Structures are given as structure tokens and as C-alpha cells.
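Student: As a plain string of letters, each chain reads:
There are 2 protein chains.
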Amino acid sequence: MSEPIRTVSEAAWPRVVIIGGGFGGLSAARGLARAPVDVTLIDRHNYHLFQPLLYQVATAGLAPNAIAAPIRGILHRQANATVLMEMVTGIDAARRSVLMGEEHVSYDFLVIATGARHAYFGHDEWERFAPGIKTLADALTIRQRVLGAFEAAEISQEPSERRRLLNFVLVGAGPTGVELAGAIAELAKASLVHDFRRINPSDARIVLIEAGSRILPSFPPRLSAAAQRALEQLGVEVRLGKPVTLCDAEGVVMAGERIAARSIVWAAGVAASPAATWLNVAADRAGRIEVLDELSVPRYPEIFAIGDTCASGSWDGKAAPGIAPAAKQMGHYAAAVIRTRVEGAPPPPPFRYRHQGSLATIGRNKAVVDFGWTRLSGRFAWLLWVFAHIYFLIGFRSRIVVALDWLWAYITFRRGARIILAETGGTMTEPRPVPQPP
Amino acid sequence: MSEPIRTVSEAAWPRVVIIGGGFGGLSAARGLARAPVDVTLIDRHNYHLFQPLLYQVATAGLAPNAIAAPIRGILHRQANATVLMEMVTGIDAARRSVLMGEEHVSYDFLVIATGARHAYFGHDEWERFAPGIKTLADALTIRQRVLGAFEAAEISQEPSERRRLLNFVLVGAGPTGVELAGAIAELAKASLVHDFRRINPSDARIVLIEAGSRILPSFPPRLSAAAQRALEQLGVEVRLGKPVTLCDAEGVVMAGERIAARSIVWAAGVAASPAATWLNVAADRAGRIEVLDELSVPRYPEIFAIGDTCASGSWDGKAAPGIAPAAKQMGHYAAAVIRTRVEGAPPPPPFRYRHQGSLATIGRNKAVVDFGWTRLSGRFAWLLWVFAHIYFLIGFRSRIVVALDWLWAYITFRRGARIILAETGGTMTEPRPVPQPP
Numbered sequence: 001m002s003e004p005i006r007t008v009s010e011a012a013w014p015r016v017v018i019i020g021g022g023f024g025g026l027s028a029a030r031g032l033a034r035a036p037v038d039v040t041l042i043d044r045h046n047y048h049l050f051q052p053l054l055y056q057v058a059t060a061g062l063a064p065n066a067i068a069a070p071i072r073g074i075l076h077r078q079a080n081a082t083v084l085m086e087m088v089t090g091i092d093a094a095r096r097s098v099l100m101g102e103e104h105v106s107y108d109f110l111v112i113a114t115g116a117r118h119a120y121f122g123h124d125e126w127e128r129f130a131p132g133i134k135t136l137a138d139a140l141t142i143r144q145r146v147l148g149a150f151e152a153a154e155i156s157q158e159p160s161e162r163r164r165l166l167n168f169v170l171v172g173a174g175p176t177g178v179e180l181a182g183a184i185a186e187l188a189k190a191s192l193v194h195d196f197r198r199i200n201p202s203d204a205r206i207v208l209i210e211a212g213s214r215i216l217p218s219f220p221p222r223l224s225a226a227a228q229r230a231l232e233q234l235g236v237e238v239r240l241g242k243p244v245t246l247c248d249a250e251g252v253v254m255a256g257e258r259i260a261a262r263s264i265v266w267a268a269g270v271a272a273s274p275a276a277t278w279l280n281v282a283a284d285r286a287g288r289i290e291v292l293d294e295l296s297v298p299r300y301p302e303i304f305a306i307g308d309t310c311a312s313g314s315w316d317g318k319a320a321p322g323i324a325p326a327a328k329q330m331g332h333y334a335a336a337v338i339r340t341r342v343e344g345a346p347p348p349p350p351f352r353y354r355h356q357g358s359l360a361t362i363g364r365n366k367a368v369v370d371f372g373w374t375r376l377s378g379r380f381a382w383l384l385w386v387f388a389h390i391y392f393l394i395g396f397r398s399r400i401v402v403a404l405d406w407l408w409a410y411i412t413f414r415r416g417a418r419i420i421l422a423e424t425g426g427t428m429t430e431p432r433p434v435p436q437p438p
Numbered sequence: 001m002s003e004p005i006r007t008v009s010e011a012a013w014p015r016v017v018i019i020g021g022g023f024g025g026l027s028a029a030r031g032l033a034r035a036p037v038d039v040t041l042i043d044r045h046n047y048h049l050f051q052p053l054l055y056q057v058a059t060a061g062l063a064p065n066a067i068a069a070p071i072r073g074i075l076h077r078q079a080n081a082t083v084l085m086e087m088v089t090g091i092d093a094a095r096r097s098v099l100m101g102e103e104h105v106s107y108d109f110l111v112i113a114t115g116a117r118h119a120y121f122g123h124d125e126w127e128r129f130a131p132g133i134k135t136l137a138d139a140l141t142i143r144q145r146v147l148g149a150f151e152a153a154e155i156s157q158e159p160s161e162r163r164r165l166l167n168f169v170l171v172g173a174g175p176t177g178v179e180l181a182g183a184i185a186e187l188a189k190a191s192l193v194h195d196f197r198r199i200n201p202s203d204a205r206i207v208l209i210e211a212g213s214r215i216l217p218s219f220p221p222r223l224s225a226a227a228q229r230a231l232e233q234l235g236v237e238v239r240l241g242k243p244v245t246l247c248d249a250e251g252v253v254m255a256g257e258r259i260a261a262r263s264i265v266w267a268a269g270v271a272a273s274p275a276a277t278w279l280n281v282a283a284d285r286a287g288r289i290e291v292l293d294e295l296s297v298p299r300y301p302e303i304f305a306i307g308d309t310c311a312s313g314s315w316d317g318k319a320a321p322g323i324a325p326a327a328k329q330m331g332h333y334a335a336a337v338i339r340t341r342v343e344g345a346p347p348p349p350p351f352r353y354r355h356q357g358s359l360a361t362i363g364r365n366k367a368v369v370d371f372g373w374t375r376l377s378g379r380f381a382w383l384l385w386v387f388a389h390i391y392f393l394i395g396f397r398s399r400i401v402v403a404l405d406w407l408w409a410y411i412t413f414r415r416g417a418r419i420i421l422a423e424t425g426g427t428m429t430e431p432r433p434v435p436q437p438p
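Those protein sequence lines, which keep their order, are chains A and B. Every letter in the first sequence is one number past the one before it in the working numbering, and letter 80, counting from 1, is 80. Every letter in the second sequence is one number past the one before it in the working numbering, and letter 52, counting from 1, is 52.
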């Protein structure tokens, strides 16, 4: 084995390696800012991504740099943190080493925060036709397909082909599917409506398919109903209670009915990163590691798994939800545990997830908010959603950029990022490095 | 042959087809806004690109959407204009038809405004190692290589490889090469300087190579000297009088000397689009069509070639330069000729290019400006450059976005677009559709 990559303090301090620069990994790194440890954060991208607004990049509302900030910039004042842009290929837990192809880094503590991708329930071949939306590359692929569909319809001479081009199908009615459906409806019926000569963009048909009995199943039924009414006002067709049984180049099939569509987005199901496979430890059906009370991995007290990588039974017996606040809380907690270990202090009490509320937006002046003690829908809920998302955006600059973009879009009904960047002809532009866990 | 694509007026009006949505093509379309003609503008992208600022996208100063505006949005109020996003594959001049694969569009007048790419002087194999910078995909490829070089150097364990990674070579010292050299120097020595732990980004070596005897050869010698001094103050090495004789994966060779570098950008030489080949008409060495006084193509009075597509001897016997104002003037002129023909009015006087001035920027507070009657360098020239570029940006929104981005960068020395988007591992992401003219 070659020499491990050396970091700042030349191994005088305990070495903490964090895999992943998402909400969980960054919180862990920041939580160790004043600890006597050497932090190395590894990510295959050079940026932290504000995933909750990814659907706006996909629907031409925001540019990629509005919701992505360089990890180096975020951590540049934290002297004990080194950032490496690399692809992790495995973990050698016996040697306490993170593998990155030919290179490796040694650790005393390891935090796995590698996140998740969408799961196709054993039908990975559907991904070509129905990409998920977890990365910037995903979002740009979807933007290319959605905007490209209107462009192709403007050229097409055949009525049936034109109809297929203007059909948009969203599979899965969690917050992502709902937000995408609303945003595509507004794009077609407001932003693009004067820009074409041979088609009418508002002829677009947007279908949201959900296998369960209502949309936004994690919200109270009353808010699910309010969100469905809001979507239907925008012209979205909501189809409940039937799972998709096939995706192909022509469209989707649900319960025997075929819907012809060129643009399909997959927003159903989650598969964790292959960390459980790397470590050969127990995982749930989605591949999430079943961690102990202090978020450490069974048999490896020096390894922590947080965010979408882990299943923690810390929320009234249920696993914490796969959302940013849960990942942040786990990152802070893992950092606290490491600090107490390094300092020889008693450990903190077991991790408990504190749910602060659920938000989902449908479109202009339309959102639902559930704080537990109060439940809202409509314009006030939408304003809460806007302020919450601007407030939590990392980076002073991104907050201003997004606030101005939204103000401009609100006033003009136009969209600031209608540039088709990807030119991939409909396949994912990003390599899929992770084999799905069994 | 299938039915041609029909446009707005169902062929009641004369049909004007414009190929290319750059400065020339857009000016031609706008010049026909009130003429009784049916305008169809075809571009393979959905956006107009403000090419003069492309180097800022390549060096992480601006996001793609800051300098790209949807062509549909620009023309959406022009009721006689249809926009098609398609790749033109040829021209059937006998049938007056523009070919786009299976589809075609008929014309009564045709304006060719397809622009240019960089020329490798018979060494197209160098493009892999030394991409040019003409499209957004080019700029994102270069951004990925430049930012990726610092990332790879931070990981590299080998001193010689680290040095090679931190060597940046620009070939050609026209405005593009000079602007890129200055921007990479500022990126390395100001924006990135606190963000790395194992390398010092200001160790980067930036080499600007020019085969001629001075940089910015289209400017007066005094300004060339001022620009060279400004570059050298930023730490750029300027190498004059020697052509590059080889580009490969290891770097470049100039006059027997090898400079090891992973990041090379080609900013030398121009090759026009294949329009001359499509029409089988005379062209100069760069492939530009030698047009008549009214910018029409010999033998085809209904076809006009403008901008970088044509060589017009209209500027004191020299061809008009390959810059945005020349393309705009030609677009307006071609529209005027078409209007007179449609209206049966006498033709306008032969086209004459009016040079308004030359501007190039080196970096913060450093630029050169040549108005003919006055020549400036330094801070005031730089402010002129800033205001001119903001003023000429198309789209109210882009102006504000770019102005705010620049203000932010000026105050903080940071860059707003440090996101590595392309993931292509170093090859061009964009297909090269045009065979080079002979």
C-alpha cells in the first residue's frame, strides 16, 4: 500500500475523516472546528449542494451556482479542516483507512455521510427513461428534457408526437414530486406561454402518479388534500393508488394504462450509499446502516453513519426522516461524541431527533406547512417556505442571489435559468459510481 | 423530401431564414421586426451567448446563465419571428431550403450567421489537450480543468506532478488569451489563496504564448506594452515570438522547449463554419465566404453571410474584425437590404464597417482601450470596459446579475461560480458538428 495522504498536523492530533460534504458531513466538520483534531472532508464534487431547491434548477428557476457553494469556501477559515475532492471507493475498517482508487487516507474516527439516491425497486433499467433528482447533473438532465420537449414540439410536424412531447410524468408524490409538478405547470402555463409560435405551451399535460392513497403522505391528511387542490388548480392531474409498473422510451404504464410521455422524473423511493456493503454491516431494505444510540456503527465504535446513510430509531421509534435538519442534527451530534472521546469527557445522552416542521411548496402563493402545533396552507405558508429556504441557504451570497431571482420571477413570471446546458441526448451525464446495496 | 416546416404566416409573406442566434443573427432578426416578412431563426442552442464574457465563465467569475439569454425570450414580442432549436446540416441552394437532418425549412432570403471556431492550423488532434473557448460547453470544460487542477494538486503526493498541475498555458495573445491569463492569475493569487492546506495556489505558473512579436497585435504598440506590464505585475509569464509546435497530454512544446502543463487553452486562429462548403463558393483561408458589397454571396443574391461567417473587405480594404459590433452592424445591414428588396425600394449604399473602439481587460483595475482618437490604460480604461460590457449585455436581468456579481467579486476578491459542473474527465462535452472547411 502506498503512503497515506498526509493532512495538516502531520498526525499529531487524532484524525477525523468525513465522507460527504452534504448537510450531515458539513455539520460534523463545523462541530469539530475547535476540537484538537485534524479534520479531512472528502467529497467527489467541489461544492455543497442545497438539495431542497434542486427542483428549481431542474425547472429553470435557479442557476446551479445559486444553490451550490464551494466546500473549500465554506471551510476556508477552519484551520484544522482539509478538503479533498475525490471519489471514495471503499473503507478498509481493519486498517482504519478510506480508499480512493490508488490513494488512501488514515483515520482515527470516521463519519460516513454519503447520502442517498432514488431507488427503482429492482428496475434500475428505468433510470434511463425516468431520471431521479439528487445531484446537479440530475437536475440539469431534467431541465434539458423538460425545456427540450417544448423545443422539439415546436418543430414536430406530427400531432401525436407533439402530444407525447408535451406530456410530463412525475412518479412519486412526496415533497419533490409535488414541487416538480407545480413548477413544471407554472413553467408551461405562465413562463413560456408567449414564447412559441406553433405550439401552445399551456397545452402541456402534467401527471403526478402516487402509489399510495394521498399525496405528501408525511403530512396530515388535511394538508395533503389542500396541496392536491392547489395542484389541480394549476392543471396538474393527480393519479392516486396505482403504482407504475413500467417505464420505457414511450412513457409509463400504471395498472395497465399507458401514458405516453417523453419526460419522466422519478421521485419515489430511496437507496442509501453502499457504505453498509463496504463495512459488511447490517442494513435496512433501503441500504441504511442500523446505527447504535450514539450513531456509531455496530462493531466499529470509531465509525459513525449519519443522515441518509443511517437508519436511526430515534424519533418515536421511527427512523429520523431523510431531510436536511435531521442530517444536520446528526452531524452536530457525531462531532459532539468525537469531542467527548478525544477529551476523555463523559459521552452525551443518546441521539434524539427533534422535528422542527415539514414544508412543501406547490407554486406561487401555494404551500403547506406542518409545525405540529399549527398547520397552514396558502399564501402565508408559501411566504414561510420562501423565508425558511432563504434563511437556511449556506453562504451570504447565495441568499442574496436566490432572493433576487425569486423576486424577479415573482414580478415578471419569467425564469432566470432557461439555458439548456447538458447536451447528452437524454442519458445521465454523471457516472454512477455506487453499486446499489443488496 | 418531406413537407417543409411551416411557420407563422403560412407562406403569405416572403420567408427569411436566419441561421445562428449570435450577435449577427439576432440583429438581422430584430432589423426585420416591422418588415412584411416571416422570420425563422434557427440555432442549435436555446440561448444567445454574450461571447465577450465567456472567459469569465471559464474562470469561475460568472455563471452560464449570467451571459446567456433564451433566444425565445429575446424575440417573444416580435410576432413575425419563429425560433427553432435545431442543428443545421446543410443548405440546398437550388431548392432554397435549409436542411436539418430529416427536416427542412424553405426560404426566399437566407442569412448565414453561423460564427466561427478556433483553428488548430492543421492539428485538430491538439484540441483534446488544448480546448478553444467559443461555446458555453467549452467554457465549462476549461473551468473544470482549471479548478480541477488545483483540486488534483491538493491530493497529489508527487512534487513534479504537482508543479505540472499548477502550470497553466494560454496559446495566443489576442484579447481572449490576455483576458484568460489575467483571470487565471487573479483566481490563483487572490480568490483561492486561503482555501487550500497542502498547496499554495499562488505557486501557480501562468504562461501566455504568442507567436507574434507582441501581445494584443490589433492594438497600438504602446497599449500592447502597457498590457504586458500589467500581466507581468500579476505574475503572468509572457513568451513572444515563438509558435507552439506541439500540444499533448504532458503540455506544450514551443521552439524546442517543453512546458509541462495539464491545463492548456487555445486562443489562436479562427475557422469559420462550413457554410462556404455547403454552398460550394469561394472562401478565404479561414473558410470565410468572400461576400459582395451588399454582403450577399456570389451567384446567390438571396443569400447573405454576416459576422465571422464572411470576409468583407469593407474596412479600409481589410476584412471587418471578428468582434460583436461588426457582426451586429452586418446583421442590421442585411436586414436593411432584405427590406428594400421586399418593398421594391432602391438598395442601401454598400456595407461599410464603422470601428467604435477596441477594449481588452487584464484584471482588477487593469485594461486597455483604443478609440483611435484616444488611447487609455489602467483603472479608467478598466471602468470603461466594465460599463461597456454591462451596457451591451442583452437582457435587463443579465445586466443586473453581472453587475452584482462583479461588485461582489470586487469587494470580496471571491468568485461566485466556482462550481465544477462538467464531469467529462477532460474531453469536450459538446459534439463537434461542423467539419472544418478545406
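What the hints contain is simulated information worked out from the structure, not anything from laboratory work. Treat the hints with caution; some may be incorrect.
Each pair may be met inside one copy or between any two copies, as identical chains are not told apart.
Once the Cα atoms are required to be at most 20 Å apart in a straight line, the calculated SDA-like pairs of lysine to any residue come out as [claimed, not checked]:
# : residue 1 : residue 2
1 : 242       : 342
2 : 189       : 77
3 : 189       : 76
4 : 242       : 313
5 : 318       : 100
For clarity, every value in this text was computed on a predicted model and none was experimentally measured.
Student: 20 Å Cα cut-off: does residue 318 pair with residue 100 within a copy, between copies, both or neither?
Tutor: neither (34 Å within a copy, 57 Å between copies)
Student: Pop the pair residue 242 and residue 313 into one bin, within, between, both or neither, using alpha-carbon distances up to 20 Å.
Tutor: Classified as neither; 30 Å inside a copy, 68 Å across copies.
Student: Cα distance capped at 20 Å. Does residue 242 pair with residue 342 within a copy, between copies, both, or neither?
Tutor: neither (52 Å within a copy, 59 Å between copies)
Student: Given a CA cutoff of 20 Å, do residue 189 and residue 77 count as a within-copy pair, a between-copy pair, both, or neither?
Tutor: between (46 Å within a copy, 17 Å between copies)
Student: At most 20 Å between alpha carbons: which applies to residue 189 and residue 76, within, between, both or neither?
Tutor: between (43 Å within a copy, 15 Å between copies)
The structure is inconsistent with the numbered hints 1, 4 and 5, although it conforms to all the rest.
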